[in-house]
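J.: Each protein sequence line maps, in turn, to chains A and B. Numbering-wise (my numbering), the first sequence opens with residue 29 and increments by one. Numbering-wise (my numbering), the second sequence opens with residue 33 and increments by one.
Hints listed in this document are in silico derivations from the structure and should not be mistaken for laboratory results. Predicted, not measured: the structure shown is a model, and the values here were computed from it. Heads up, the beta-carbon is just placed ideally off N, CA and C, and yes, glycines get one too. Hints may be right or wrong, so weigh each one.
[What the hints assert, rightly or not] Simulated coverage check for chain B against chain A, where a stretch passes if three residues somewhere in it have a Cβ under 8 angstroms from a Cβ of chain A: (1) 53-62; (2) 127-140; (3) 161-173; (4) 278-291; (5) 427-438.
[Claimed, not checked] Example chain B residues on the side facing chain A (calculated, C-beta under 7 angstroms, incomplete): (6) Arg-36; (7) Ala-50; (8) Val-80; (9) Thr-121; (10) Ile-389.
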Amino acid sequence: MNLGRLLEERAKKHPKRAALLYEGKAISFEELNKNVNRLANGLKDLGISRGDRVAIMLPNTPEFVYSFFACQRLGAVAVPFNTMYKGGEILYILKDCGAKAVITLNSAVPLINEIRPELPHLQYIITTGERNITFADPDSTLFLQGVLSKAVFRDLDEAYSRIGDAMVQGLRKLGLKEVWYKHRGSLRIRGRKIAGFYFSEIEDLYILNVICFLTPFDPTDFFSVIWVPPEVKDKVIEPLTSIQEELGKRPTDEEIKRAILSALEEKLGTKLKEGALTRDEKLGYEKHKALAKRR
Amino acid sequence: MEWRLICNTEAGVADLLALPAAVAEARIAGRYILAQRSVPETIILQRVKRKGILAGAEVVIDKEGAQRKGIEVATQPRGGRRGARPAETISLQELMLKAKDKFSSADSPPDELAALIYTSGTTGNPKGVMLTHGNFLAECEATSEIITTTEEDRFASLVPFFHIYGLAIGLVVSLFRGCGTVLFPQYSPRQFLKRMGQEKVSILIAIPTQYHHLLLAAKKGLIHHRCLKYCISGAAPLPVKVIQAFKETFGVGILEGYGLTETTAAVAVNPHEEAKPGSVGKAVKGIQIKIADDHGNALPPNKVGEVLVKGEVVMKGYYNLPQETQEVLNDGWLRTGDLGYQDEEGYFYITERKKDIIIKGGFNISPAEIEELLCSHPKVKEAAVVGQKEKEDREEAIKAFVVPAEGEELTSAEIIGYCRMRLASYKVPDEVEFRQNLPKSATGKVLRKELRQGYKDLRVIERE
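Taking the hints into account, I'd like the entire structure generated from these sequences.
T.: As structure tokens, this is what we get:
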């Protein structure tokens, strides 16, 4: 008997009995067993094999259970660790165990991206979960987004470094001389985050999302209406700073816009021309907006 | 080349999602409809009119509360196969979707590694505890006489599965028994009390702080049901007072266990009927525990010595650390580093935990790790960190003693902010005290114990 076989046997013995109860739904032993098999096959296809270390940074969700037992089925070694960990802590564990893959929440990807260059063994970031949270505040937050063809950049690394450079230059133009940027990370001043960004992808497009703090951000109101899982809250209360705090004054909207957009034009070698949505885009926009509000 | 800029400075929070999504969709569709002019590269600048939250589909939001506070709420779609996803990552769901649902298990022998669980020791860096298939199965066997289950029973673990106690007992034991497990990825006492009755939870796996919180929530009149059969507490000492109050409120006692990551969780549990307050109970099935002197010789009852454990649950060793492994493993006996004694009836009492480890929220925190970080601050000369409790019911708090570098001025806020940026929140000191120097031994080692002076160590269980 081993942990891989354990579930197989339970599934044979009482297939219909509930094994996991999650958000009002029951997952039977049979289903659990099949899901574990699916993930084991999926990991195997990626080249994960016996003895390989697979890190698991997940809260108590069905995906944690699938991941842990898929490892057992493969004879791989599961390395579960604290979802509250930050950069250096994650780095130490992933480095020490030489994990080939890490299974985590979508929302933890920026944390791992920031340390990825120091993890030559880490081949795969496998993600799950729908636990992202964005707080928008009329005074404090500025969002810069992009829908860009992947062909604009050589690769994702270049995409991150060019947008990072552009943001650094834009903020420096405003007088923030101390701002710095690390690989795929956030823009920081004395360790505090002033802006952050990440890329998503869909087909041959990158979707860019930048958030920049103009004035001090106060999350109190937001936390009073949202039950924030520890791993997310920890990220949200990451020490922040803002343009106003750093400069002692708040430049006008026009000054901020001009500084950031002109830096973007320079670093991306393009000209930005203000335009509007096409008719088709407008239809899509109304649809997406309605869906986002209805759910 | 010209790109399009869309400025929307009066946005609703849903626009943060809807605008880029619409542009992306049109671009993708445009490629299939050759007649249409292609959509240009697009940059979108947005500011919102009102406060808003854009949340993933699994985030729980108090929508009424949001409305009262004037906060707009928008939800992201579930990231189906066609949605945008973090660049250069693999979707777990997609990985599963494409794969077959049959797989024949590797024939892992009992001594093959199943998991590496990182734990903080007395020295700086965490160590990877190597646990085997046999270790986990032995733990299932070890708890068999403590928790007796039927197929009707349901487990709930409020302890995360990345913690050995949650993993070995909350997850593996429940599935081993063929019982259902109710999953709580975001634990809140309120939510648990509600769901506990709905899902008929009968076996609860939690840590002392959580029992304390459940009690407080129940006292506030929150509904609870008398469905609990067993409650297990571990990872930190449980105040006797909490056990009594819990029994009065929930009609069930709490079984206090003792164990380490290195022993795949529990090796001793206070039995249900004959529990002795303040004790961690007797060794469980298949486990030997002895109280030994410095040479590993067993001591007679009521003599305090180091707690040693032997049995199938004992780890294979520390990952890539043969030296450290050798220091704690000898002839199958594991040196826990904890101090305790045994009474005439075989009940064990733990008097001191592994030297200076701080236990907060069920996690082991190494003072050395925090000290090392504090010392990396340019204005800090030296630092020492201790755990302290001001009240029995309270969690252990982290107190940092800091000696500023020559001629430097420092504030608590500066130190706490520095830590917050670099450590998980539960490791950040709760209190900072500035000193001119630190008490040291002849060999120059900081005497943390003396820093704790004046604080009565309430973790020590007094003999009546």
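J.: Confirm or reject each hint.
T.: Hints versus structure:
no.	hint	in the structure
1	53-62	holds (count 9)
2	127-140	holds (count 13)
3	161-173	holds (count 3)
4	278-291	violated (count 0)
5	427-438	violated (count 0)
6	Arg-36	4 angstroms, holds
7	Ala-50	4 angstroms, holds
8	Val-80	4 angstroms, holds
9	Thr-121	4 angstroms, holds
10	Ile-389	16 angstroms, violated
The earlier numbered hints that this structure contradicts are 4, 5, 10.
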